[in-house]
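> One-letter residues, chain by chain:
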Amino acid sequence: MIIYFKLTAIFMTSLEALKENRLRTLLSLSGIMIGIASIVLVISINDSGRAVIFKELETFGLRSVWISRDMGDYYDNKSNFVRGSGLFDDDYQYIKENCCMSLLNISPIVNLRANGKIQIIGKDIRANVTGVNERFDKINNEKLIAGRFLSIDDVKNDRFVVVISQEIASMLSQAEIDNVLGARIKILSNWFHIVGVLGNKSRDFISSIGANKESANMRILAPYTTIQKINGNIREISYFQGEAKSISHAPKAVKEIKEYLNYKYKGIYKYNGETMVAYIKTANNILKNISLVGFVTALVSLVVGGLAVLNVMFMSVVERTREIGVRKSVGAKNRDILSQFVSEAILITSIGGVLGITLAYSIISTIVFLFQFDISVSSVGVLVALISTVTIGLLSGLYPAIKAANLKPVEALRYG
Amino acid sequence: MIILDNVHKNYHCNGENLAVVKSANMHIKQGELVSVVGRSGSGKSTLLNLIGCLDTVSTGSIIINKTDVANMDGNEMAELRSQQIGFVFQAFNLIARSNAIKNVEIPMIYQGIKASERVRRAERILEKLNMLDRKYHYPNQLSGGQQQRVAIARALVNEPNLILADEPTGALDVKNARDIMAVFRSLANENKTVVIVTHDQEIAKMSDRVFTMIDGNLVEE
Ligand SMILES: Nc1ncnc2c1ncn2[C@@H]1O[C@H](COP(=O)(O)OP(=O)(O)OP(=O)(O)O)[C@@H](O)[C@H]1O
Ligand SMILES: [Mg+2]
Numbered sequence: 001m002i003i004y005f006k007l008t009a010i011f012m013t014s015l016e017a018l019k020e021n022r023l024r025t026l027l028s029l030s031g032i033m034i035g036i037a038s039i040v041l042v043i044s045i046n047d048s049g050r051a052v053i054f055k056e057l058e059t060f061g062l063r064s065v066w067i068s069r070d071m072g073d074y075y076d077n078k079s080n081f082v083r084g085s086g087l088f089d090d091d092y093q094y095i096k097e098n099c100c101m102s103l104l105n106i107s108p109i110v111n112l113r114a115n116g117k118i119q120i121i122g123k124d125i126r127a128n129v130t131g132v133n134e135r136f137d138k139i140n141n142e143k144l145i146a147g148r149f150l151s152i153d154d155v156k157n158d159r160f161v162v163v164i165s166q167e168i169a170s171m172l173s174q175a176e177i178d179n180v181l182g183a184r185i186k187i188l189s190n191w192f193h194i195v196g197v198l199g200n201k202s203r204d205f206i207s208s209i210g211a212n213k214e215s216a217n218m219r220i221l222a223p224y225t226t227i228q229k230i231n232g233n234i235r236e237i238s239y240f241q242g243e244a245k246s247i248s249h250a251p252k253a254v255k256e257i258k259e260y261l262n263y264k265y266k267g268i269y270k271y272n273g274e275t276m277v278a279y280i281k282t283a284n285n286i287l288k289n290i291s292l293v294g295f296v297t298a299l300v301s302l303v304v305g306g307l308a309v310l311n312v313m314f315m316s317v318v319e320r321t322r323e324i325g326v327r328k329s330v331g332a333k334n335r336d337i338l339s340q341f342v343s344e345a346i347l348i349t350s351i352g353g354v355l356g357i358t359l360a361y362s363i364i365s366t367i368v369f370l371f372q373f374d375i376s377v378s379s380v381g382v383l384v385a386l387i388s389t390v391t392i393g394l395l396s397g398l399y400p401a402i403k404a405a406n407l408k409p410v411e412a413l414r415y416g
Numbered sequence: 001m002i003i004l005d006n007v008h009k010n011y012h013c014n015g016e017n018l019a020v021v022k023s024a025n026m027h028i029k030q031g032e033l034v035s036v037v038g039r040s041g042s043g044k045s046t047l048l049n050l051i052g053c054l055d056t057v058s059t060g061s062i063i064i065n066k067t068d069v070a071n072m073d074g075n076e077m078a079e080l081r082s083q084q085i086g087f088v089f090q091a092f093n094l095i096a097r098s099n100a101i102k103n104v105e106i107p108m109i110y111q112g113i114k115a116s117e118r119v120r121r122a123e124r125i126l127e128k129l130n131m132l133d134r135k136y137h138y139p140n141q142l143s144g145g146q147q148q149r150v151a152i153a154r155a156l157v158n159e160p161n162l163i164l165a166d167e168p169t170g171a172l173d174v175k176n177a178r179d180i181m182a183v184f185r186s187l188a189n190e191n192k193t194v195v196i197v198t199h200d201q202e203i204a205k206m207s208d209r210v211f212t213m214i215d216g217n218l219v220e221e
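Protein sequence lines, in the order shown, are assigned to chains A and B.
Positions 1 to 416 (my numbering) are the ones given, in order, by the first sequence.
Positions 1 to 221 (my numbering) are the ones given, in order, by the second sequence.
Be aware that a few hints might be false.
Unchecked claim - The list that follows gives simulated cross-link-like pairs (lysine-lysine, BS3-like), each with its CA atoms no further than 25 Å apart: (1) A:252 / A:264; (2) A:19 / B:114; (3) A:96 / A:143; (4) B:114 / A:6; (5) A:281 / A:96; (6) A:55 / A:229; (7) A:156 / A:186; (8) A:6 / B:22; (9) A:6 / A:138; (10) B:175 / B:192; (11) A:143 / A:255; (12) B:192 / A:19; (13) B:22 / A:408; (14) A:229 / A:245.
Claimed, not checked - To be clear about the criterion: a stretch of chain B counts as covered by chain A if any three or more of its residues have a C-beta under 8 Å from a C-beta of chain A, and this derived list gives those stretches: (15) 32-44; (16) 64-74.
Claimed, not checked - Per label pair, the in silico range of CB-to-CB distance: (17) A:4 / B:189: 30 to 40 Å; (18) A:414 / B:179: 26 to 36 Å; (19) A:295 / B:76: 26 to 36 Å; (20) B:63 / A:303: 48 to 58 Å; (21) A:3 / B:132: 43 to 53 Å; (22) A:4 / B:3: 50 to 60 Å; (23) B:221 / A:3: 45 to 55 Å; (24) B:91 / A:303: 50 to 60 Å; (25) A:303 / B:76: 32 to 42 Å; (26) A:19 / B:189: 35 to 45 Å; (27) A:12 / B:189: 28 to 38 Å; (28) B:16 / A:30: 19 to 29 Å.
Keep in mind that the hints were calculated from the coordinates and are not lab data.
Backbone N, C-alpha and C define an ideal beta-carbon position, used for all residues, glycine too.
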């Protein structure tokens with residue numbers, strides 16, 4: 001109890017001392033404020049950025065692999081060049097059934113030969129029409145928001161059914177998504193039944209790093225067999241998209257598929273394999289660079305801020321040498337004087353910390369307001385900021401405080 | 001009870017060894033009002049600082065209430081200052097940023113006394129010294145005599161047994177000086193020991209005993 005009364009009184013004294021030098025206190029804490037704001041900003045942007053980017057990457061399926069023909073050999077070998085995608089139905093059957101330990105699922109992707117206009121109830125809409133199998137929703141991480149996905153029977157029987165994206169669905173029927181289920185749309189000269197609607201996907205990050213410029217939200221998926229039929233009964237596959245057992249299995253899955261294809265076609269075609277690994281690496285690198293710049297800024301401003309506080313505390317000790325003498329002569333112990341100055345330093349840095357957190361908060365709110373970015377203040381960031389605040393206060397206050405506490409009463413009283 | 005036994009204090013200054021107090025012997029009983037007089041620079045303040053545990057002796061010993069101050073560490077000296085000693089400085093030494101009552105509260109802070117109790121006791125002592133109506137005045141809003149009374153209030157607020165006052169009447173007119181001396185006399189009557197330093201013979205005559213510092217040596221008249 002006694003210690004509590006003593007410490008509150010010492011704390012009040014600190015407050016009064018800081019109030020007396022309001023301007024100096026404010027100036028000295030501006031460095032701390034900027035440093036703390038940077039810490040909170042960096043951690044928040046990093047957290048939110050990671051969430052946004054990985055949410056986007058996930059819409060491709062983080063474990064996805066792509067196998068396609070590498071057309072590069074056209075230029076090497078013009079005279080013997082064999083046309084075609086170099087991938088056929090029996091390759092799909094073989095890969096699905098016999099190959100590739102690292103692979104979980106695989107879907108043929110068949111592009112519509114003529115990406116023409118699609119008519120629906122008198123409207124013209126341009127969309128990407130793609131033929132896939134019944135596993136594609138899992139491979140590509142699709143979220144169904146109405147109806148069902150393509151079934152194995154749809155694929156086996158080349159049915160004229162489609163799953164459309166949310167954006168197309170809302171163009172067809174603004175009122176109710178469910179209204180489009182069962183409706184018919186015309187692709188080239190063929191009528192299809194709509195059986196399902198896929199959720200929208202974001203492509204902000206992906207298109208910003210130039211990985212995929214295709215709109216994800218103007219898609220129509222049909223059984224690949226049906227698309228092959230429209231294409232003129234060609235049993236050809238444009239490319240494969242597969243799902244590896246894990247992100248780290250992806251390169252191996254690519255290798256296994258390519259080994260099989262190379263063995264089978266004896267070098268007639270060359271193949272190209274891609275995984276998400278490269279994109280995940282790019283994303284991580286971008287995040288790392290943002291964090292690095294931010295952390296360096298934060299560190300520099302915190303060090304500078306800490307030095308400013310150290311300087312102010314030294315000034316304060318010198319200016320108040322007589323006061324220290326008076327306090328000691330009426331019974332203040334060394335540790336009382338020590339707590340006095342340490343509490344003053346922590347108070348300065350804490351005010352800086354709170355202002356810094358507030359600053360970060362308003363910057364983030366402004367960003368959200370102006371650019372509609374999906375950023376929120378990270379609670380971990382605030383925690384880290386508060387801990388750094390107290391630590392810097394302690395570090396920069398301790399040395400001047402020790403100097404003050406060790407002053408001899410007579411010497412302190414004689415000062416000035 | 002204070003005993004000074006052959007107290008010696010020298011300062012090292014610019015490579016020279018300066019003996020400020022050469023030999024001081026004193027035996028003061030509880031409840032006595034004692035004056036120390038002497039020329040300026042004769043070492044009076046130095047002696048009072050030694051008695052008040054603000055400074056340490058070079059040789060010799062100071063015994064306050066049967067304890068030798070020389071054997072105390074910093075914390076014990078602070079404890080002694082807090083509980084037994086009230087010091088009134090030659091230059092008042094009030095804290096400029098705090099008002100009268102806050103200045104008087106300071107010694108109680110370090111005894112861990114609750115804020116409301118601090119205010120109560122500070123008001124009581126300020127009333128005794130006729131300063132209650134000035135309790136919210138800052139030192140620069142008070143006259144010299146008023147500042148002196150706030151400084152005395154601060155020295156008395158922890159109810160010490162020993163009051164040390166360095167030139168308590170130096171800045172005051174005759175009337176105020178007599179009032180302050182009356183306060184010290186009443187403290188002595190309450191069985192508190194009071195030691196004052198003064199260069200005013202009239203003031204010195206009002207005390208029970210008078211010591212004179214002559215060139216670092218203390219002699220009783
Ligand atoms: N820290 C110090 N270092 C060196 N010399 C000192 C120190 N403190 C005091 N002195 C010297 O000791 C002598 C006595 O000083 P002191 O303040 O005790 O005098 P005093 O009797 O109180 O004088 P006054 O009546 O003017 O207040 C002076 O000559 C002074 O220069
Ligand atoms: Mg003096």
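> For every hint, state whether the structure bears it out.
The hints, checked one at a time:
no., hint, in the structure
1, A:252 / A:264, "holds, 18 Å"
2, A:19 / B:114, "holds, 23 Å"
3, A:96 / A:143, "holds, 24 Å"
4, B:114 / A:6, "holds, 8 Å"
5, A:281 / A:96, "violated, 29 Å"
6, A:55 / A:229, "violated, 35 Å"
7, A:156 / A:186, "holds, 21 Å"
8, A:6 / B:22, "violated, 40 Å"
9, A:6 / A:138, "violated, 66 Å"
10, B:175 / B:192, "holds, 24 Å"
11, A:143 / A:255, "violated, 29 Å"
12, B:192 / A:19, "violated, 39 Å"
13, B:22 / A:408, "holds, 22 Å"
14, A:229 / A:245, "violated, 32 Å"
15, 32-44, "violated (count 0)"
16, 64-74, "violated (count 1)"
17, A:4 / B:189: 30 to 40 Å, "holds, 37 Å"
18, A:414 / B:179: 26 to 36 Å, "holds, 29 Å"
19, A:295 / B:76: 26 to 36 Å, "violated, 49 Å"
20, B:63 / A:303: 48 to 58 Å, "holds, 52 Å"
21, A:3 / B:132: 43 to 53 Å, "violated, 31 Å"
22, A:4 / B:3: 50 to 60 Å, "violated, 39 Å"
23, B:221 / A:3: 45 to 55 Å, "holds, 48 Å"
24, B:91 / A:303: 50 to 60 Å, "violated, 41 Å"
25, A:303 / B:76: 32 to 42 Å, "holds, 40 Å"
26, A:19 / B:189: 35 to 45 Å, "holds, 42 Å"
27, A:12 / B:189: 28 to 38 Å, "holds, 37 Å"
28, B:16 / A:30: 19 to 29 Å, "violated, 48 Å"
Checked against the numbered hints listed earlier, the structure breaks hints 5, 6, 8, 9, 11, 12, 14, 15, 16, 19, 21, 22, 24, 28; every other hint is satisfied.
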